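Novice: Residues per chain, in single letters:
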Amino acid sequence: MNDLVTLFNFKNDKILKALSGNIGLVVRGQNSVAVVLKSPHIFNFYRQPEENKHIFIWAICGSISDMRVFEVELERFLSVFSDTFSGRDLNINLIQDFITGYLKHKFYDDKSAEPVALEFILGGVFERHMVFYIINYEGSSEVLDQKANNISLVGGGNNEDKKELLDNLSKLGTERVSAKQIIKKIGPYLRKYSGDFFALTFTVTDKKLRHKDVDRSTKKKPKIKK
Amino acid sequence: MFAEKFIESRFKHLGAEELGIRGFSDQLKNCDREKFNRMHSNTTVFALKFKNGVLIAGDRRMSDGFLGIVSDDTLKVKELAKYSAMACAGFCNIISFLETNMTTACSTFKSLYGQDLSPDGQANFLRNLLEPWWFMSVYTWYWAVGIPILATYDMSLGMPRIFVFDDSGFNYEPEFFGGAGCGFEAIRGLVVDHWRLDMNEDFALMIAMKAMLHSGAISHGVSDARLKLPTMAVINEDGFRWIPDELLKKALGLILERTEGLK
Chain A
900 MNDLVTLFNF KNDKILKALS GNIGLVVRGQ NSVAVVLKSP HIFNFYRQPE
950 ENKHIFIWAI CGSISDMRVF EVELERFLSV FSDTFSGRDL NINLIQDFIT
1000 GYLKHKFYDD KSAEPVALEF ILGGVFERHM VFYIINYEGS SEVLDQKANN
1050 ISLVGGGNNE DKKELLDNLS KLGTERVSAK QIIKKIGPYL RKYSGDFFAL
1100 TFTVTDKKLR HKDVDRSTKK KPKIKK
Chain B
3 MFAEKFIESR FKHLGAEELG IRGFSDQLKN CDREKFNRMH SNTTVFALKF
53 KNGVLIAGDR RMSDGFLGIV SDDTLKVKEL AKYSAMACAG FCNIISFLET
103 NMTTACSTFK SLYGQDLSPD GQANFLRNLL EPWWFMSVYT WYWAVGIPIL
153 ATYDMSLGMP RIFVFDDSGF NYEPEFFGGA GCGFEAIRGL VVDHWRLDMN
203 EDFALMIAMK AMLHSGAISH GVSDARLKLP TMAVINEDGF RWIPDELLKK
253 ALGLILERTE GLK
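As given, the protein sequences belong to chains A and B, one line each in that order.
The first sequence runs 900 to 1125 under this note's numbering.
The second sequence runs 3 to 265 under this note's numbering.
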């Protein structure tokens, strides 16, 4: 038992270290939501299995091999699933179940000391409404709905760093501005994180997030004052 | 790989190992466990599209060996989900295996992921369930096989769909009518002759009842509709619905009244 605890603590430390320079944020703004990631290795996946069922997966990755191994596993899963059932049956809940299972399987594998540093933000349309999931490296997931906090994050270093960042971001009053303005405002706070910057905005209509309002045009790097 | 393990953990019967050598012995064990493993539903089951939906029907007879009658009360139409149903002909052991796994898969998927399995997903899953049973058809000269049909209403496409299978899992979608069982060949021409693209549910019911009368007259493995009412159900955009016995009796009475040769 003690050996297992030591093993998990070892993995935990390695993963936290690998993810400390990465950040992923879901920020709720006025009638919009912004997804922002900054990491040396960003995994980005988009699929539309059928009408009204967009699926987005973003991950911050501790290493290029973590990212590639996951990508292979996801493609394999999609292929096996499509053969077993149908590509039409893919939805965001299924992807969330698969990813949490994958992360738990890797983290709690007592035969391997290899750390897998991945944290996810999932976005998907379910029953005509956009749903977001945040999944941490241990496979714990949290669904973000209308009642959730305005700002949720993955990565971001240790708990004190995260708390400081959240405090700073909450002072910006992001809930009163549009998603595009949020991206501009929070950019300077992400300077200490390294890697590529990725941002995506979603527009809310009728008090719900709807798939047809997905705006992918902000994929370019925003200008950040230095 | 984790992908296979994950799918196996959620939908047990379809892991890669289940489909391989281990699956083979499992199927044999399943046969041993079956108390009445010689039971057969010789059967007529079929599905028929009409203007706004699909009608699925099955007779009521379960046979033992070639000539014995075990029951004339068998329900061969099985509701799978809100918009789908299946019916099978063949070896009862395989049929119960298919029905159990299909209903479990449909309800599990709905509970876990919040939506019904699509018609294509159900057809693929059924194909995967059938594949491990290929050896039964070889060893028993195509006698101990299970052959299902699947009738669904596809809400995304807004149209009814029918899937017809063979004993190895191969399936296709007939244009408007498909079925299985020893009495099916006898009714194929009759249904094709009467079928119309824009016919309503009542007209489809009359054709289906006439077909059941014909198949019951031609095969000892099919219950006679005059003695035991067949089971019929309709699936349309409102979902699955059984056709009540009163309506079936009325349709039967009308046909017998008008058709001298069937009295």
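It is possible that part of the hints are untrue.
[To be verified] Subject to a maximum C-alpha distance of 27 Å in a straight line, what follows is the list of computed DSS-like cross-link-like pairs (lysine-lysine):
#, chain 1, residue 1, chain 2, residue 2
1, A, LYS1070, A, LYS1084
2, A, LYS916, A, LYS1010
3, A, LYS1010, B, LYS7
4, A, LYS1070, A, LYS913
5, A, LYS1083, A, LYS1061
6, A, LYS1003, A, LYS916
7, A, LYS1003, B, LYS112
8, B, LYS230, B, LYS251
9, B, LYS14, A, LYS1003
10, B, LYS53, B, LYS251
11, A, LYS1003, A, LYS913
12, A, LYS1010, B, LYS53
13, A, LYS1079, A, LYS1091
14, B, LYS7, A, LYS1003
15, A, LYS913, A, LYS1062
Because the hints were derived from the structure by calculation, they are not lab data.
This one's a predicted model, so the numbers in the text were calculated from it and none came from an experiment.
Novice: Hints broken by the structure, by number, lowest first?
Specialist: 4 and 12
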